[in-house]
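Q: Numbered per UniProt numbering, the sequence shown spans residues 1 to 357.
It cannot be assumed that every hint is accurate.
What the hints assert, rightly or not - Computed beta-carbon distance windows for the label pairs:
(1) Ile342 with Arg280: 35 to 43 Å
(2) Phe276 with Glu52: 25 to 33 Å
(3) Pro3 with Phe272: 32 to 40 Å
(4) Gly24 with Ser333: 12 to 20 Å
What the hints contain is simulated information worked out from the structure, not anything from laboratory work.
Since this is a predicted model, take the numbers as computed values, not measurements.
Cβ coordinates follow ideal geometry from the N, Cα and C atoms, glycine included.
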Amino acid sequence: MMPAFSTSCSKLIEKWKKMVSPQGSHQLDVWPDIQTFSSDVISWTAFGSNYEEGKRILQLQKEQDVLVLEAFKSVYMPGWVITKERSTLSNLRKPALVDGDPAVQDKVVVNVDKMQTERWKLIGVIALSDSQLKVIPDEVWACGSSVRLLDSSKKKTLIRRFILTKKNRRRTNLDKEIKAKLRNLIGRKVQAIRNGDTSGDDLIGMLLQSNNQYSIEAIDPKVNGMTIDEVIEECKLFYFAGQETSSTWLIWTMIVLPMHPSWQEKVRGEVFHDEFRPERFSEGIAKASKDHVAYFPLGWEPRICIGQNFAMIEAKVALAMILQHFAFQLSPSYAHSLYTIITLQPQHGAQIILHRL
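With these hints in hand, go ahead and build the complete structure from the sequences.
A: Have a look at this one:
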């Protein structure tokens, strides 16, 4: 993973050098470039030779991220009603259906009978199309999430009803496209491993090889490794979290360091520090430094974030490389405003004046 860190960061530094003349300065919103850097790193380490396909998956996940957050921030999430089913149609008329006028319950039942659909195999009071939408009276909509649904199997389960709005369609299509691309990548990787054409030097390869070895060594023949769907979910999580956390860590560091010039100089002093003190290792490598991840032969603690060391090393390598070539100064146009898209991000970007050293 170290080559991925240094190569991706070198690309970023070269891009900035083209913008800033020697001993010169240039104002730039560095936030998009930092995001590109972290996505490059995670694309190489997660997908190896399938780097470009990995970047496309990340773009789709970013779009999905915005749409999901938009739904989370809504008091009422348009298109989604969480309900519990009742066992018989007669139970729909019980007071538990809605809090209010019993006459509304009769209208609900009438519309339930009109809106049976084979596609969803569900009897419901929420429309699946514009034509169905018109038959629901306003007082039924006012019931909101108190409305209960009944399916043809008579099961009492928790369901989520989905209205096919434009954004809900996009959310569904994004999820399908991301999973399809990952499934395709994993399928090709599985075949390559079987043919001996590749090594497990990326995330997908390591997951598949470990999964296969676990299944082989399992004492219980019924014990299997992860399913392909579970591998897909692991890849989605690692890929998204690996990009999001590292870029956020770096961007806030680049914003805070110009606010405290003495800190920036101290950090740069550590990067260019040439003193060699072999006595630091007199008690072994592990005690040479108290700094986090100075030495870590294995992960720490059973419940540690699996990507914590990855993200910390990535951010430190990037910062050490950037500080060798540039000093940071906050631009007068920088507006300090925080907003949340899963992680805390600069709402109006990060306008930094880069001074080339």
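Q: Kindly indicate which numbered hints from before are broken by the structure, ordering the numbers from low to high.
A: 2, 3
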